[in-house]
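K.L.:
Those sequence lines, one after another, are chains A, B and C.
This note's numbering numbers the first residue of the first sequence as 423 and each following residue consecutively.
This note's numbering numbers the first residue of the second sequence as 161 and each following residue consecutively.
This note's numbering numbers the first residue of the third sequence as 406 and each following residue consecutively.
You can take every hint at face value.
Taking lysine-lysine pairs in the BS3-like style, the calculated list, with each CA pair at most 27 Å apart, reads: (1) C:LYS1068 with C:LYS966; (2) C:LYS966 with C:LYS776; (3) C:LYS776 with C:LYS736; (4) C:LYS443 with C:LYS690; (5) C:LYS690 with C:LYS909; (6) C:LYS690 with C:LYS930; (7) B:LYS166 with A:LYS534; (8) A:LYS539 with B:LYS250; (9) C:LYS930 with B:LYS206; (10) C:LYS470 with C:LYS909; (11) C:LYS1079 with C:LYS539; (12) A:LYS539 with B:LYS166; (13) B:LYS250 with B:LYS166; (14) C:LYS524 with C:LYS539; (15) C:LYS735 with C:LYS1084; (16) A:LYS572 with A:LYS473; (17) C:LYS815 with B:LYS305; (18) C:LYS524 with B:LYS305.
These are calculated hints, taken from the structure and not from any lab test.
Note that this is a predicted model, so its numbers are computed, not measured.
Here is what each chain is made of, one letter per residue.
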Amino acid sequence: MATTRPSPDQTRTLVSGAHAARTTIALKLAMAVSGLIFIAFVLGHMYGNLKAFAGHDAFNDYAHHLRTLGEPVLPYGGLLWIIRVGLIASLVVHVTSAVLLWKRASSARQHKYAVRKYRSSTLSSRTMRWGGLTILLFLVWHLLNFSIGKVNPQGGPTNDPYDLLVDTFEVWWLTLIYLVAMVALGMHLRHGTWSASQTLGLTNSARSRRTANLAGITLAVVVAGGFSLVPIFTLFGVIS
Amino acid sequence: MIINLKVWRQDSPAVEGELVSYQVEASEDMSFLEMLDVLNEDLIGKGEEPVVFESDCREGICGSCGLMINGQAHGPEVTTSCQLHMRSFKDGDEIVVEPWRADPFPVLKDLMVDRSAFDRLIASGGYVSVNTGAAPDAHAVPVPKPNADRAFDVATCIGCGACVAACPNGSASLFLGAKITHLSELPQGQAERDQRVVNMVGQHDHEGFGGCTNIGECTAACPKGIPLDVISRLNSDLRTALRHGR
Amino acid sequence: MTDAHRTTTPDGIVQGSDEQHDDAAGYYVDGEPIADTKAPGGPLAERWSTRQFDAKIVNPANRRKVSAIIVGTGLAGASAAATMGEAGYVVKSFCYQDSPRRAHSIAAQGGINAAKNYKGDGDSVHRLFYDTIKGGDYRSRESNVYRLAEVSVNIIDQCVAQGVPFAREYGGLLDNRSFGGVQVSRTFYARGQTGQQLLLGAYQALERQIAAGTVHCYTRHEMLELIVVDGRARGIIARDLVSGEIETHLADVVVLASGGYGNVFYLSTNAMNSNVTASWRAHRKGALMANPCYTQIHPTCIPVTGTHQSKLTLMSESLRNDGRIWVPKKKADCDKDPRDIPEEDRDYYLERIYPAFGNLVPRDIASRQAKNVCDEGRGVGPEVEGVRRGVYLDFADAMERLGRPAIEAKYGNLFDMYARITGEDPYQVPMRIYPAVHYVMGGLWVDYDLQSTIPGLFVTGEANFSDHGANRLGASALMQGLADGYFVLPNTIRDYLSASPFEKIAEDHPAVVEAQQAVRERVDKFLSTNGTRSVDSYHRELGNIMWEYCGMERTADGLRKAIDLIRTLRQDFHRNVRVLGSGENINQSLEKAGRVADFFELGELMCIDALNRRESCGGHFRGESQTEDGEALRHDDQYAYVAAWAWPGQGEDGESLPPVLHKEHLNYEFTEMKQRSYK
Ligand SMILES: Cc1cc2nc3c(=O)[nH]c(=O)nc-3n(C[C@H](O)[C@H](O)[C@H](O)COP(=O)(O)OP(=O)(O)OC[C@H]3O[C@@H](n4cnc5c(N)ncnc54)[C@H](O)[C@@H]3O)c2cc1C
Ligand code: HEM
Ligand code: SF4
Ligand code: FES
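Generate coordinates for the entire structure from the input sequences, incorporating the hints supplied.
P.N.:
Structure, rendered in structure tokens:
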């Protein structure tokens, strides 16, 4: 039946009982909020990592200090666990929303263009999903490496955070994986920061859009750069 | 000038289509659609069915025309397909012409798609509920000029669908945001503001458009230059509605 | 008073206007006079309220049982459909575009008039009424025009309440401008996109009713026949342009709001698919066609560049406020770079002929003078078919006087549009402009209630003939469309509908079957002709004939020639047109074929009407009727009537029978008929 069109009443209808919480924009808001939590986390995490430049003891003190934060109200390691739970929840929210929106976007255009040229969009903006996936994979490895699994590739001690770090980044390909992940993170932040401002409805003028974009670039450079310093310097033996 | 065209031909929504090559002799003064008119005259002369494409005003205001030209919605200039002229191309160029691609805009034939989803978006809330004859005097409510001007700027959307066509997610957020912003800027639009945004976004999702990831291809393709901040306004209006428990 | 003038025909014969001419003898048959019986008498200002009171009301509970078909979703149709939906009628709305929002009203630029007198510059309903009557060159009805002026104020209120973003001043109140040479500022506008904003307002109101379920909108549907049962309009036959299905839609009343037929000229500022089919099918079923020859030609359009041209683009008339129009004095200079032509070799012909008004003379005069200079061989721009058709519109002086930034601020978007279309930079080189067909004042005859001569068939907007006489003022078409749709029709139609419910019509009623049959046969005929020429090529040729002989200046000889040419071409069209593909699918050639077939018949009637009206009035200029210095000359003693034409049917071989002329005498009780002068 190629020629008869089903009447509009049969197929396309007006929805009734729409709810704000069940919209794609609500999903986006959830991503933005969880994304901002990640941003706060990576900034803190990066600050901690940079302690490596202060030497073995300062770094390990910091790692220990993280666990005593909030004592005596909270038990040893309590705040860290709260942060962990918060981060895991955010990750679940962030990734679930990402997956839902990804699926939705691919079914919104099942037939692709034969020729496609982009006009103005950044590479970062178009690679959010694969970039996010890269970060996720990295995250798994990263946790195995330093947190849950504590794998020391050089067979050294795993209960000394500083030594674990140094032993890891002295291996060139481990540093490389780390750096690739940081590029992915930088790109994710470059677009993510701007995107979250827009999703939260904070970019209502050309000026605020420029500011949000600038913030994205700055954060990307600072975070990706900041995280990369320690591995690079370790690889070249500055940190040992 | 000789133009080597590759045009999407598809007989109906139910059958597969393909890109077919044609050669056309065009002149620089022609609009892109006039070049297609020439192609169609040639085809009729040869006894082949002409290419179906849409246009009506041919002056960039009705929003009927809409072609993906070499991978860009409405072609290389920022304007409508009907206002694109052949002087934007060179002798011997190859031009690939495809219809808008988005599942909520199914292809009807060749380059013509069904954009009735946009009408339903408006029907779901893109209006002020005022019956004829129930209006107060036009000067009863002054509107600050900046708001009136912004409302106008975003109300110039022609509903062409280029934003959807250009969006990697197939989202209609720019179109939606334009209408939300238009009515949110005006005192007349306030009473239904929460309900409007919820219903319209609900309809948007129901139609199968993708979610926005703020990539900005829409605004870059928009022949009327609708800015991205309408999407920010759309989001903040939805957030407010969420807070109000809608 | 026109009798005081004596006229000179181009061939130099001086004749008194009291002489009776019947140029169209043999081309038409005289019929009974007609009259508008619905307008109440009494003081002008009370007529509309009297009529509204006298018109019967349909009980709200019964409205759900009353159905209306409205063809067209432009300003006139969308506003009517929304309003009738709100009132509770069951409405079916039709348009050929994919969305009601794309109707050609969307393209109107300049603005909409209303007698709000927000500027306190002495405007009033009466002044708007008077300006419109005078602008129409005393060929419109006083009652109708007064009502139009009266409801104009309600339109603005309604649109503002809908959220139409009209231009505003810093204080937050609405801004107005003066438009089309009137003395007061009464034009409301939304930058250069007033029609778009007004239509979107009406469209949104319509979509709201669609959501509410009172209106069902059939987009991509083209009305191809009117169903008349027992003398009443009871429905339409429409083709679903996607599936090709021929559908029958029945209702208690039919409203046509299908726009103007300027596309009979092929090239015009109308949308590509604007057509006369809805009106023409009604005409063939008995509705009279009034003043079909009244055409408005707009002076500031972008000239034709070649034979590939598909349509013409209007540029706002406001350009004439600062631009100076000229052509070279010498033919030899016509292909020179205009900047190299010295001041003394330029002919600023409007300033020369009309020192008082200069470049701001009314549309018809500016257009005709442009044609005259080009006919003399002094046109500029590329030669198209051997003639240069263009005149310069030069901003060099204005730029010197006001500076480029001021010009950019005022006209930037128009200059950009010009540059995009022509590839020339108007800041450097003078623009080229030429007149183009823009609007038709003629249309289906309607009474004060907007009802045609077929009971139950109402006509609104540009499709009717009602309010503009022989010439429409700028910013008045939008006003009329919305006045008709929001305020007039919903109030007058109820008088007709109060007699409902009408008898139910079965789909197999002989009149319905006959209408279906006629449409099927026509479609099949086009598809099976298997000729050699495309529809467009015929349309283009018809357009050339119309433009040449029934365009800016018309003469008896030219019109007779045109009629012959049209008849021959029409016969050839029916024998030799090539429409490929099938009827069961989208087929744009088939759509066009139907439209062009109707344009042929309309074109012939326009020529006959023009031939009959041996006077010059408004947009109709007869070479035989001009003053000694070439100005339009009306003959109120002979032609102060509306020419309403009846379809005579066709002879056996499809040859034309002479149409029947019914005259509606125009009576001026409240205004004095004057001759225009702009010297
Ligand atoms: C370029 C331009 C600029 C203008 N500027 C101004 C201005 O500044 N001010 C002003 O007052 N006026 C202006 N006008 C005139 C004014 O725009 C029109 O006269 C007016 O908008 C006509 O409105 P309408 O509703 O009668 O018809 P339209 O808007 O033309 O609508 C016709 C409707 O009928 C439908 N239709 C037609 N035939 C069929 C059929 N057979 N079957 C089904 N549907 C059918 C179409 O789909 C469409 O929906 C301008 C006109 C043009 C061309
Ligand atoms: C430290 C890690 C991460 C940070 C800091 C982060 C940050 C952000 C931010 C701020 C946004 C913008 C939200 C918005 O548009 O409103 C975002 C979007 C997104 N993130 Fe993440 N994210 C991280 C990890 C991930 C992971 C692991 C994935 C894996 C799937 C992911 C996938 C996405 C996707 C698909 C988007 C949507 C793109 C967009 O909206 O523009 N992100 N992220
Ligand atoms: S927002 Fe722009 S691109 Fe999208 S429909 Fe409107 S005019 Fe077209
Ligand atoms: S045809 Fe109207 S916008 Fe292109």
